[in-house]
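Here is what each chain is made of, one letter per residue.
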Amino acid sequence: MSALLSVQNMSHYFGGLKAVSEFSFDVPEGVIYGLIGPNGSGKTTCFNLITGIYTPTQGKILFKGEEIQGNKPFRIVHKGIARTFQNLRIFNNLSVIDNIRVARHFTTRSGVFSTLLRLPSFKQEEEKVREEAMNLIQLMNLHSRATEMAKNLPYGELRRLEIARALATKPKLILLDEPAAGMNPKETEDLMRLIQRVRDEFKVTIFLIEHHMKFVTGICEKVKVIDFGTTIAEGRPEDVVKDPKVLEAYLGRKAVVC
Amino acid sequence: MDKLKSLKLLMAGLIFYLIVQILSAVGVLNGYFMVIINRSLVFVILAVSLNLINGVTGQFSLGHMGFAAVGAYASGSITTLIFKLSPHHPQDAVVFLIAIIVGGFFAALAGFLIGFPSLRLKGDYLAIVTLGFGEIIRTILNNIPAVGGPRGLLGIPKFSNFTVIFLFTLGTIILIRNLVQSSIGRTMISIRENELASELVGVDTTKYKVLGFVVGAFFAGIGGGLLAHLLQIAHPTQYGFYASALILIMVYVGGIGSLTGSIVAAFSLTFLTEGLRVGIDWLRDTVGIPIGTEWTMVIYAVLLILIMLYKTEGLMGMRESSILVIKEKQG
Numbered sequence: 001m002s003a004l005l006s007v008q009n010m011s012h013y014f015g016g017l018k019a020v021s022e023f024s025f026d027v028p029e030g031v032i033y034g035l036i037g038p039n040g041s042g043k044t045t046c047f048n049l050i051t052g053i054y055t056p057t058q059g060k061i062l063f064k065g066e067e068i069q070g071n072k073p074f075r076i077v078h079k080g081i082a083r084t085f086q087n088l089r090i091f092n093n094l095s096v097i098d099n100i101r102v103a104r105h106f107t108t109r110s111g112v113f114s115t116l117l118r119l120p121s122f123k124q125e126e127e128k129v130r131e132e133a134m135n136l137i138q139l140m141n142l143h144s145r146a147t148e149m150a151k152n153l154p155y156g157e158l159r160r161l162e163i164a165r166a167l168a169t170k171p172k173l174i175l176l177d178e179p180a181a182g183m184n185p186k187e188t189e190d191l192m193r194l195i196q197r198v199r200d201e202f203k204v205t206i207f208l209i210e211h212h213m214k215f216v217t218g219i220c221e222k223v224k225v226i227d228f229g230t231t232i233a234e235g236r237p238e239d240v241v242k243d244p245k246v247l248e249a250y251l252g253r254k255a256v257v258c
Numbered sequence: 001m002d003k004l005k006s007l008k009l010l011m012a013g014l015i016f017y018l019i020v021q022i023l024s025a026v027g028v029l030n031g032y033f034m035v036i037i038n039r040s041l042v043f044v045i046l047a048v049s050l051n052l053i054n055g056v057t058g059q060f061s062l063g064h065m066g067f068a069a070v071g072a073y074a075s076g077s078i079t080t081l082i083f084k085l086s087p088h089h090p091q092d093a094v095v096f097l098i099a100i101i102v103g104g105f106f107a108a109l110a111g112f113l114i115g116f117p118s119l120r121l122k123g124d125y126l127a128i129v130t131l132g133f134g135e136i137i138r139t140i141l142n143n144i145p146a147v148g149g150p151r152g153l154l155g156i157p158k159f160s161n162f163t164v165i166f167l168f169t170l171g172t173i174i175l176i177r178n179l180v181q182s183s184i185g186r187t188m189i190s191i192r193e194n195e196l197a198s199e200l201v202g203v204d205t206t207k208y209k210v211l212g213f214v215v216g217a218f219f220a221g222i223g224g225g226l227l228a229h230l231l232q233i234a235h236p237t238q239y240g241f242y243a244s245a246l247i248l249i250m251v252y253v254g255g256i257g258s259l260t261g262s263i264v265a266a267f268s269l270t271f272l273t274e275g276l277r278v279g280i281d282w283l284r285d286t287v288g289i290p291i292g293t294e295w296t297m298v299i300y301a302v303l304l305i306l307i308m309l310y311k312t313e314g315l316m317g318m319r320e321s322s323i324l325v326i327k328e329k330q331g
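Keeping their order, the protein sequence lines are chains A and B.
Take the first sequence: its position 16, counted from the start at 1, is 16 in my numbering, and no numbers get skipped.
Take the second sequence: its position 197, counted from the start at 1, is 197 in my numbering, and no numbers get skipped.
Fair warning: there could be bad hints in the mix.
For lysine-lysine, the following PhoX-like pairs were computed, each having C-alpha atoms within a straight-line distance of at most 20 Å [to be verified]:
1. B:Lys207 with A:Lys79
2. A:Lys64 with A:Lys79
3. A:Lys245 with A:Lys214
4. A:Lys60 with A:Lys18
5. A:Lys203 with A:Lys172
6. B:Lys207 with A:Lys72
7. A:Lys170 with A:Lys72
8. B:Lys327 with A:Lys123
9. B:Lys158 with B:Lys84
10. A:Lys203 with A:Lys64
11. B:Lys329 with A:Lys123
12. B:Lys122 with A:Lys72
13. A:Lys222 with A:Lys203
14. A:Lys172 with A:Lys79
15. A:Lys128 with B:Lys329
16. A:Lys60 with A:Lys79
17. A:Lys64 with A:Lys172
18. A:Lys222 with A:Lys172
19. A:Lys222 with A:Lys242
20. A:Lys128 with B:Lys327
21. A:Lys64 with A:Lys170
Just some of the chain B residues that point at chain A, by a computed CB distance under 8 Å [as the list claims (entries may be wrong)]:
22. Leu175
23. Ile184
24. Thr187
25. Ile189
26. Asn194
27. Ala197
28. Gly202
29. Leu211
30. Glu328
Derived from the structure by calculation, the hints contain no laboratory data.
Here a beta-carbon is modelled for each residue, glycine too, at the ideal position from N, C-alpha and C.
Generate the whole structure from the sequences, applying the supplied hints.
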């Protein structure tokens, strides 16, 4: 079986700085795949490259066997890759349901004229989008907040909203950029269960970046550890955490010796 | 439910219309007041359409009067030409209607052209480009002898009256409300809120930014056309930066993204301008304080500073009066 996402020899430079260096990896369909590494190791850059915010200096990104590098971000979303952000990017002055409905917009067909005149076809489509959004809100346990302005939500709910919004684009692959950042142990545990549920219910592949080792070992089926833009280990999480190179990257050389 | 809500807006419009007509018939509102009310209504069109660009889509246009000028000159040229050829054309109303709409389309074309820089520019830089664009339109009109050059386009037939302007204003409010409270409108707001996130939930942000400019410019062109047929003249100086800034102030005083705010602010500020003019004349002529009308701008500036200090989000903030909200099913 070929991989859902396959990155081949991807490099990216910021001026003279090599942020990502000859990266290659495959994310198989249906797994929860983790990308870990210390601060500044190129994880978020890697996500930005996959989602089209940057175009890689070299290399290829294949999604479902099709080259996607160089496409505009919104086109990559249309192909089936959605993401969340390390520091939330919510539409603060839109309600919870509207945040999700924006993510369904690209599937609608009503043009400006049918919208201006509120033709029956437009109303039908609006209703359909509203129902789809409500279903997602229910699944994410946000239904009591549906018409609340997003800016009034507490942090944990905003994280869920952002995942719901990403799911609303009906992706095949969802990229989560440090989903557990800023969460307490209880919230982190809930999030782990949520991510597993999302994977099973929506049949999506999950690719996440995380610092939190417990989170990664608890949820990921496959991980890749990077440092300074290069891969230092890859495999099952329980093996990877014992790898001396990983310990060195995380704890420094001395720790390995001891 | 949907129909009922639109009905409420229509009723509110009708009540306003009847009150003005009755007051005008019994002589409470003389011709002078009717001119101010007509101007206010035109400014409602201009402010609401600018709000679509600046408030809803979150771009920054400083050249809104440029679009109005395109509409005014285009529709004015059409009616003037036809009027000259046959002074008593049997289908005056139809000619006028078509001319106004054509003016709107010309303005929309201008909006499409200026929409392009907005693909690459943000904030202050976009403001400078739109400011320049408005001035370019004004300068071009100033230099085309066929439309009067610096003399202005004269002899435009007086087709605009209270009823016509009122109907166009109501129509503009309804159509822009329909757009804002739709999938497209929410998409535009998402661009204002966070452009990158918008792009990453599949929104072609470029397309919707340009669309904001095109639709906003279309209605500005309609407003310009109505104004030209009310004043019977289109003059380059009417469409300069001063007027564009006035509309901008209306949008920000009313509250960005709030159509209700723009409507209220357009009325209040138009009346305030007239009130200040009268008040300053009185101070100069009767009391003897030597000040001129340019002091209106000083008072405007003070007003804007006060609003920025004490009511940062404008009169209405982002709220909308319930008669302008399309109610949706819950749950």
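Consistency of the hints with the structure:
1. For the hint pairing B:Lys207 with A:Lys79, the CA-to-CA distance comes to about 19 Å; that is within 20 Å, so the pair holds.
2. For a cut-off of 20 Å, the pair hint linking A:Lys64 to A:Lys79 stands: about 9 Å separates their Cα positions.
3. Taken as a hint, the A:Lys245 and A:Lys214 pair is honoured in the structure, with Cα atoms around 18 Å apart against an allowance of 20 Å.
4. About 17 Å separates the Cα atoms of A:Lys60 and A:Lys18, which keeps this hinted pair within 20 Å; it holds.
5. Annotation: proposed proximity of A:Lys203 to A:Lys172 holds, straight-line Cα distance about 7 Å (limit 20 Å).
6. This hinted pair checks out: B:Lys207 and A:Lys72 have alpha carbons roughly 13 Å apart, not beyond 20 Å.
7. Simply put, A:Lys170 and A:Lys72 have alpha-carbon atoms about 18 Å apart, close enough for the 20 Å limit, and the pair holds.
8. For the proposed pair B:Lys327 and A:Lys123, the alpha carbon gap of about 12 Å is at most 20 Å, so the pair holds.
9. Only pairs whose Cα atoms come within 20 Å are accepted, and B:Lys158 paired with B:Lys84 is accepted, the gap being roughly 13 Å.
10. About 15 Å separates the Cα atoms of A:Lys203 and A:Lys64, which keeps this hinted pair within 20 Å; it holds.
11. Between B:Lys329 and A:Lys123, the direct Cα distance comes to roughly 12 Å. Compliance with the 20 Å bound is thereby established for this hinted pair.
12. Between B:Lys122 and A:Lys72 the CA atoms are separated by roughly 19 Å; this keeps the pair inside 20 Å, and the hint holds.
13. Distance check on the hinted pair: A:Lys222 and A:Lys203 sit about 17 Å apart at the alpha-carbon level, within 20 Å; holds.
14. The hinted pair formed by A:Lys172 and A:Lys79 meets the criterion: a straight-line CA distance of about 8 Å does not exceed 20 Å.
15. Distance restraint check for A:Lys128 and B:Lys329: the Cα-Cα separation of roughly 12 Å lies within the 20 Å cut-off, and the hinted pair is therefore satisfied.
16. The straight-line distance between the Cα atoms of A:Lys60 and A:Lys79 is roughly 16 Å, inside the 20 Å bound, and the hint therefore holds.
17. This hinted pair checks out: A:Lys64 and A:Lys172 have alpha carbons roughly 9 Å apart, not beyond 20 Å.
18. Using a Cα cut-off of 20 Å, the hinted pair A:Lys222 and A:Lys172 holds, with the two alpha carbons roughly 18 Å apart.
19. Restraint check for A:Lys222 and A:Lys242: satisfied, since their Cα atoms lie roughly 14 Å apart, inside the 20 Å limit.
20. Annotation: proposed proximity of A:Lys128 to B:Lys327 holds, straight-line Cα distance about 16 Å (limit 20 Å).
21. Under the criterion of a C-alpha separation no larger than 20 Å, the hint pairing A:Lys64 with A:Lys170 is consistent with the structure, at around 15 Å.
22. Given hint, B:Leu175 at the interface with chain A, holds; its Cβ is 5 Å from that chain's nearest Cβ, closer than 8 Å.
23. Given the 8 Å rule on beta carbons, the hint for B:Ile184 holds: about 5 Å separates it from the nearest Cβ of chain A.
24. The closest approach between the C-beta of B:Thr187 and any C-beta of chain A is roughly 5 Å, which is under the 8 Å cut-off, so the hint is satisfied.
25. Checking B:Ile189 against chain A by beta carbon gives a least distance of about 6 Å; that is within 8 Å, so the hint holds.
26. Residue-level restraint check for B:Asn194 holds (minimum Cβ-Cβ distance to chain A is 5 Å; threshold 8 Å).
27. The closest approach between the C-beta of B:Ala197 and any C-beta of chain A is roughly 4 Å, which is under the 8 Å cut-off, so the hint is satisfied.
28. With its C-beta approaching chain A no nearer than about 4 Å, B:Gly202 sits inside the 8 Å limit, and its interface hint holds.
29. Because the closest C-beta pair between B:Leu211 and chain A is about 7 Å apart, less than 8 Å, the hint holds.
30. Interface restraint check: B:Glu328 against chain A, minimum CB-CB distance 7 Å, threshold 8 Å, status holds.
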